[in-house]
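Asks: The chain contents come next:
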Amino acid sequence: MISTGAFPYLLGLSAFLFTIGAAGVLIRRNPIVVLMCIELMLNAGNIALIAYGRFLNSVEGQIFAFMVIVVAAAEVVVGLALVTAIFRLGRELDVDDLSEMSE
Amino acid sequence: MTALIAVVMALAAISAIGVVLSPQTIYSALSLVVTVTMISVLFLLLNAQFLFAVQLIIYAGAVMVLFVFIIALLNPEAEDRPALDYRAMIGLAAVAAVTILVFVTARNGITYGSGGFRGQQVGAASNPYHTFAFGADAVNAAGNVQTVAGQLFTTYLLPFEITSLLLLVAAIGAVYLTRRTKEAA
Amino acid sequence: MSVDVASTLVLLILLFPLGGAALNALLGPRLGRQFVNVVGTASILASFVVATLLLANVVGAPSGHSSITVRLWQWLNLGSGNLSVGMDFTLDPLSAIMAMVITGVGFLIHVYSVGYMEHDEGIARFFAYMNFFIFSMLGLVLAGDLVILIIGWALVAFSSYVLIGFWHDRPSAVLAARKAFITQVVGDVAMVIAAFLIFLNAHTLSLPNVFARTAAFPSGGILVTGICVLLAIGAFAKSAQFPLHTWLPDAMEGPTPVSALIHAATMVTAGVYLIARFHPLFNLAPVAEGMVACVGIGTALMAGVIALSQIDIKRVIAYSTMSQIGLMIYAVGIGAYSAGLFHFAMHSVFKALLFMAAGNVIHALRDEQDIRLMGGLSARMRWTQWSFLSGSLALAGIPIFAGWFSKENLLGFGTVSGPGAAPWLLYVVGVGINVLTGLYAFRLWAVVFQGEPQTARVWAAKEARRVMLIPVVMLGVLSLIVAWPLQWPIPNAVRVFTDFLAPVFAAGPPTPAAEPGVGLATVALVIGTLASLFGVGLAQRIWVRGDPEPAALLVRLPRGLPLLSYNKFYFDELYDRALVNPTRAVARTLRRVVEPDIMDGWVSGIGSVLRGLSIDVRSVETGFIRDYASLFAVFAVLFVVITVVFVAR
Amino acid sequence: MNVPWLTLVIVIPVGAALLLQVVPRNLTAAVKGVTLLATAAVAVIVGVLVAMLPHTVGSDQPLTFHYEETHAWIPGIGASYHLGLDGLSAWLLALNAGVFLLGALAVSRRSTERLRFYCTLLLLTEAATAGVLLAADLLLFYLFWEGMLVPLYFLLSNYGGEKRGPATLKFILYTVAGSLLMLLSIIWLYVNSGARSFDLETLITSSGPAQAVIVIPGIHVPTFTPQELVFIGFALAFAIKLPLVPFHTWLPDLYEACPPAALVFFAGIVSKLGAYGFIRFGLTLFPEPVNHFKWFLAGVAVLSIIYGALMALSERDIKRIVAYASISHLGFVALGIFSLTQNGVNGSIIQMINHGIIISALFLIVGFIEARTGTRDRRQIAGLERRMPWLYAFFLVATLAALGMPGMNGFVGEFTIMLGAFQLNWVYAVLAGGGVVLACWYMLRLHQGLMHGPPAALVERVRDIRMGEGLLLAPLAALMIFLGVYPRPVGDLARPAVTQYVARATGTPVLPAVYS
Amino acid sequence: MLAQAVPIVPLVTPSAKDLLGLLPELILGGGFVVLMLLDLVVPARRRAWLAAFAFLFIAASFGACMWGWFDSGSGRALYFGSIAYDKYAMFINAVLLISAALVVIISPQYLNRRGLHYGEYYALILAATTGMMLLAGAMSLMVIFLAIELLSVSLYILSGFSRHEERSQEAALKYLLLGGFASGFLLFGMALVYGETGHTQLQQIEAALRVSTNVDPLLLAGVILIFIGLAFKASLVPFHTWTPDVYQGAPTSVTTFMSVATKVAAFAVMVRVFTYTFPAVYAHWQAIVFLVAIASMLVGNIAALTQTSVKRMLAYSGIAQAGYILIGVAVSPSEPLGTIGVLYYLAAYAVTNIGAFAVITVMAGRGEDLDSYAGLRGLAYRRPYVAAAMGLFLLSLGGFPPTAGFFGKFFVFAAAIKSGQTSLALWGIATSAVSVFYYLRVALLMYQRPAADQPEYQWSRSTFGGSAVLLATTAGTLVLGILVTLVYSAAAAAQGALLPVAAG
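Chains as they are written, first to last, in this note's numbering: chain A, 12 to 114; chain B, 1243 to 1427; chain C, 27 to 675; chain D, -1 to 514; chain E, 1313 to 1816.
Just chain A, with the same shape it has in the complex:
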């Protein structure tokens, strides 16, 4: 269905999404968006896993990716719970505001 020639593009896309996600973590202040960016990074990893698996004829990539999706979901749940808790304490949803402790 998809030729070996596409592999570099797939890996490139993976890298692109990964770095875009990472860049998002750097430039976004809303913790919810930061979480989304982390999701992007994990997804990028998944693309790489599955692309590799496809061309290695290995099933491990898919299984790994499946696990990653679960992990991502778990992280999001906890992350959003924390965001909610912080919001309840009356704080702005801004990661730059979360710098009470430093040095």
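Think of the hints as simulated: they come from the structure by calculation, not from any bench.
Quick reminder that beta carbons are idealized off the backbone N, C-alpha and C, glycines included.
Among the hints, a few may not be true.
Said to hold, decoys possible - The following label-pair restraints were derived from C-beta to C-beta distances:
no.: 1; chain 1: B; residue 1: Ala1304; chain 2: E; residue 2: Ser1386; range: 44 to 50 Å
no.: 2; chain 1: E; residue 1: Ala1599; chain 2: B; residue 2: Thr1244; range: 54 to 60 Å
no.: 3; chain 1: D; residue 1: Pro52; chain 2: C; residue 2: Pro269; range: 45 to 51 Å
no.: 4; chain 1: B; residue 1: Met1243; chain 2: A; residue 2: Glu103; range: 56 to 62 Å
no.: 5; chain 1: D; residue 1: Leu469; chain 2: C; residue 2: Glu147; range: 23 to 29 Å
no.: 6; chain 1: D; residue 1: Pro473; chain 2: C; residue 2: Trp485; range: 54 to 60 Å
no.: 7; chain 1: E; residue 1: Ala1780; chain 2: D; residue 2: Leu35; range: 28 to 34 Å
no.: 8; chain 1: A; residue 1: Asp105; chain 2: D; residue 2: Glu111; range: 53 to 59 Å
no.: 9; chain 1: E; residue 1: Gly1732; chain 2: D; residue 2: Glu111; range: 49 to 55 Å
no.: 10; chain 1: C; residue 1: Arg56; chain 2: D; residue 2: Leu34; range: 29 to 35 Å
no.: 11; chain 1: B; residue 1: Met1243; chain 2: E; residue 2: Ser1386; range: 37 to 43 Å
no.: 12; chain 1: E; residue 1: Ala1763; chain 2: B; residue 2: Ala1335; range: 32 to 38 Å
no.: 13; chain 1: A; residue 1: Glu103; chain 2: B; residue 2: Thr1244; range: 18 to 24 Å
no.: 14; chain 1: C; residue 1: Trp485; chain 2: D; residue 2: Leu469; range: 52 to 58 Å
What the hints assert, rightly or not - Per the computed footprint, the stretches of chain A lying under chain B, defined by three or more beta-carbons under 8 Å from a beta-carbon of chain B, are:
no.: 15; stretch: 18 to 31
no.: 16; stretch: 49 to 56
no.: 17; stretch: 80 to 92
Take the given structure of chain A and dock chains B, C, D and E to it, following the hints.
Replies: The following block gives chains B, C, D and E in isolation, referenced to the frame of chain A:
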């Protein structure tokens, strides 16, 4: 076919940029939905039907709904423009560098030594340790789902069980953290 | 003399004063003045008796057996080829004479002290120190090993130190004590280094063995010269010779008996003893001997000049002591050992006398020491006056008084022996010193006892009590007669003393000093005696008769000379400026600058650098998640790039 | 009978320290009793061991241990529990037992708060220092060497004077910096010896470090051989502990802050361990480097002598004066060692013993004075002699001993050390002689300044030392005099061992140490 | 289409033996579930019972570990190479379990005082420990990733356990966001390694790398990214930045656990992955690891110099200690002593650091943490034994014999010198000397009397549990510093049976 892939990949990339650059949180979330969906399509194209389904159901479904829900709950009107400070420069430079680096490397199969794509060589070789590598036919037969599921519950049972523990922990944590309690100190 | 007898004698002679010191120190304060007086003097008397026995034993010994070394115990043994020292004591005529003089004169001074210190509350301490001094001094002269000698050498310095500073409430006394001690230590160090040179070349420090082995040293070589120069430095420090002489006048801060005992009669002459003891080495080192002779005569001259202008009664006598010791040093420097020692013995008699008589005066005047405030005491202190006169005549070298015998005997050698091409040059200076001696001795006598009383205190002065007077008078008599049976400066006359010591100095390399011929000796004797008489006469004219002519002569001297004399040639100031103050300044700089800024500075410097770094490093911790992530990302990319691009190749 | 005597020397204090923990805290008499008993027991054992030493036949080369114990400790890396007592360590062990007994005696029941803790620390320190002196395994040695700091640290931080914080910090930092380099060197020796053992005797006889070159990025050290670098690691540790200028600044601060009773054993033994290390390890393991560096090290020693003396001259705090005097004296010890002659090394051992006695006494005296007048400023105290005749007498003896007065014990060491230095080069001996003159100056000024002159205001109500205090000083004073007129026992006991060590350092044939 | 009834690829189900080998983890994971259920029935005032139950589970798990230690022999892989059953894992498990037990013992008092006593706490501690133990044995990239996530997620929640305190929440969110960020890197690295070798299981990766002559840049990138992901968990410079903030913000008992257990688990897996899986590319990852080790020692120690918060100081100290441990990892491929050193160091670090944190946990006053230096001032006058114990821990952290810390450092330095990396040891020694300064500064503070105008901190009375923990850690610190052979031989045995290489 190639065109389809190109379009899907382009959409994924553009929507990812949207996630990062949207001024409104909710737009980011929606962009992410697009990205995730496009990725699921890619999965399908890569012959990973099971993952396609999981991606759609869990990600585009459950996770993104959770996001949207929380956004709606907490700050429906908040506007969050990306901070374009020096960190943005770092980010952009990294994006360009890493993407190009990885692409070029993957494309040219640069290796320090002879030969090309090592994973393939190893996979193809009669390597006694490569117990779980199957022929393309086997992996791709029966829509792949059965293979994946079979492996998931046998060879990869342990990781699979760990994920269950992980989800339980996450659930408990979410409940604990968001529980309103009168029980003060 | 058998070994048993010898070791018994050594033990006894040392134990008496040591026991006295211990008893006085521990029990004295409890048991009272009487006990202290008895113990203090009796122990020395006992020691004197033992010393007499010792002398008798030596005299009675067959020739060639007059020297014996006993070992009380092994002091240290670091293995063959390495340092090995025994607690050795040597008995021979030299040490016997020294012991005799020390205990004899010492006993009289102790008796005198009973009176002099009558009203002092620290009497027990005083006698403990005095007894200990006698012990140390005996240890010094009896020592049969260089290390033991050095120990005795230092112990006498210590005794001198505590006795100078006896009145410890007086800051000047305390300072004087310290000065004396430190100067002594300089000498000690020189001696210690001499000991090293001897040990490393002779492989022994036991004196008899040292002399036996050093005989093989090349004569006039640098080694033996170096050893002798170092030993001489030690001797100079002890005997207050130039340039280590400045402590002696200050040492007069101590009680007068101390000055009499230590700073006139015994300790300060230890330098003479040392050189005489090491004659086998000095005989091999003409250069060192010449140096010693020059320093001796030079010090004698300088001290004589200074003595002329001093106004403190004890300081005048102190400078006179310095001058006389200079002569002794000169004598041993030219190889006239027995002459030097004879002068030592005589000097200890009349100088102890002078000090004690001066002590009587000071006592009578209630601690007045300025001679300008005295005068006219002859009527009030008749016995003291006569004794003082006897001592002064002896000092000035007037015939038939002890000093004449010894000094003329000494100067006689100078006509034929001495350093360099013209040995008689030093002799000429010696004759000049005779004049000076007469001058200052009789200036003192005249100013103190003659003329009119200058203050009310003098009117009230009374003759000293008997316990203080008897020793003085005894010594006064001795000053006249003691030399008669011993030694005459006239050739072929009595020479008991020289003969007695002859076995000592006959050993080892030949002594350079030659006996002057009869004619030369006679001429020298006449010239020397005339010079002494001239000095005394001149003093009479100036200070007794008040003749203005010689006084005018003095005025015509270069302006600076009296000033130099009065200010002791500015040696104290010179040492302060050249040594003491620079050392202090260096020490202060170390404390103020080097220690905090450099020694501690390099530590605290590292500390502050680290502190600064710490704050820099911590500034990374901004608390901003996005900063943390940036850092993370940058380094992640960097590490990957480094690995992929650089390390892999 | 096969009694592990050496282990007992270490174990008795530790056991007593543990025992103390079950003694009720407020039973001060019992606490003190246990401490005294333990230190006395150790002193007796050590006394017997030392007395019997010449009558025992030592083990064979390379070092002659007259008592020896070996057990497995960490067999995996070749570290063993190996204790050995030879002529070198014998006297120091005796000194160790002595100063700790004295330290235990000096503890005042009335004035020390939390006495039990203090006694515990004292006992632990004793065990550690004894361990340092006995250990014949480098790792074990290091364990005791650094472990010693732990009780010392608690001692200083709990009972020190007002500036104890910075002083303790400085001391520990300095020491640790040096020790860590030594640790590096120890490991390096271990790795490169071929024997893969930490045992001193094995290391001495093994083929020696391979000539691999240590590469330190950015630092170019082409002139030193690896062995020399390793030696430098050891030397720094010992030099700091000793201490040699310019690594000395911790010492005055620390002595100033140290509790007076603890100074007895602190100054008495701890600073000797650096010198001990130089002899025991420097001379045996690094003969070539020691010979290579001896000129330099002896120079540093001379610098310490003179620098310490000059600082003592300019200081005003009486404790610091004594501290700098101590630096000066320890410079002599170092000078003796680096002369690499039998006279010098033997002199160093003698000087160590004597200095231990002298400095203990001086610090006791200074402590008494401080306690009575309430000040340590030299200029504020004068005329004590009238008020404190007994203290005056003891102080006089100690002063004379400290300034190297012949006839006192201080002289013996200085004389032999200077002789050794003279054998190396006369210049060293002459400069050291200058140090002696300065010592005389500052010690006399200190003594006279405090004791003589018109009594100062602070001195008016001062009373003389009590009987108990006098009994602490009396044996020390007696030893100062006794060892001054009869130093032979010290020299005799160490002599065969010194012969062995010096022979090893100078490359002459090494014979077993035999007492004749 | 689904006509075929038989599987296309052979399916092999895990056997009971696999399950039995996993007994320690199973007990603990089960304990997690049981505790959650018990929490529903135990009354609020009796929550200390939960601690007792948790302790029981930990003890049972420990027993299983001991059994496993002897049973595992020279080691084998369970679940088709997913997880190791070897002495190495058991050693690490034991350390982790002891740490967890100690933390569980001191927690009730602290939680009560802080008003945080909820049943979830113990459950999450057990869950986190389970994750760490899985990590210690992990033999597959998947298990590594999942185990890390399991322990991380548990710790995220624990960090934010004080729901009403902003600092705690801030710490938790910081930890979570940065942790997720790091997970992304880890995952991407794993993906690359998987792709380049074709395997996710360490044994196979190792074998594949061993037979291959090629080195692909993407493989190296993957290796480094995995290292970065693990370095984040072990708080190694420059991925350490979260550490002080999180340690400071999290409840102290959680910090106690986190500071030790996370590091132990992270280093355990780091050794397995880097020393025994990637030795073929040692030359490539060595430089970065060295760099990170040196940077950690430098930055950790230097930054700690000027701290005034005890928890932050201990955080920086932990960073520095991680640097020392990394020396052991860095030299391990050429020197088995390195691995032994890592194990010894981890054990030593565990007892010591738990002891140090236990002091500030136990002494914490009502409603506020004992965090500032000023709060420790004068402790020795009021709580002499606690102060003495704290002093001992600080000395141990500073590496003084005869404490545990010394031998930890000793073995890694020895390994470094043995493998010819003297410069690493030199850096370690230089920074150790620096570290003494700040450890002792704190220690000395306890022995200073509080200034007149400064009120003494209101320290709590130590409960039985607190005292027991302090006693145990003190004893442990000394035992590891004197009776070295006990743990050393265990560590050596663990190193000898370390999968994947040991199984051959």
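Asks: Hints broken by the structure, by number, lowest first?
Replies: 2, 4, 11, 12 and 13
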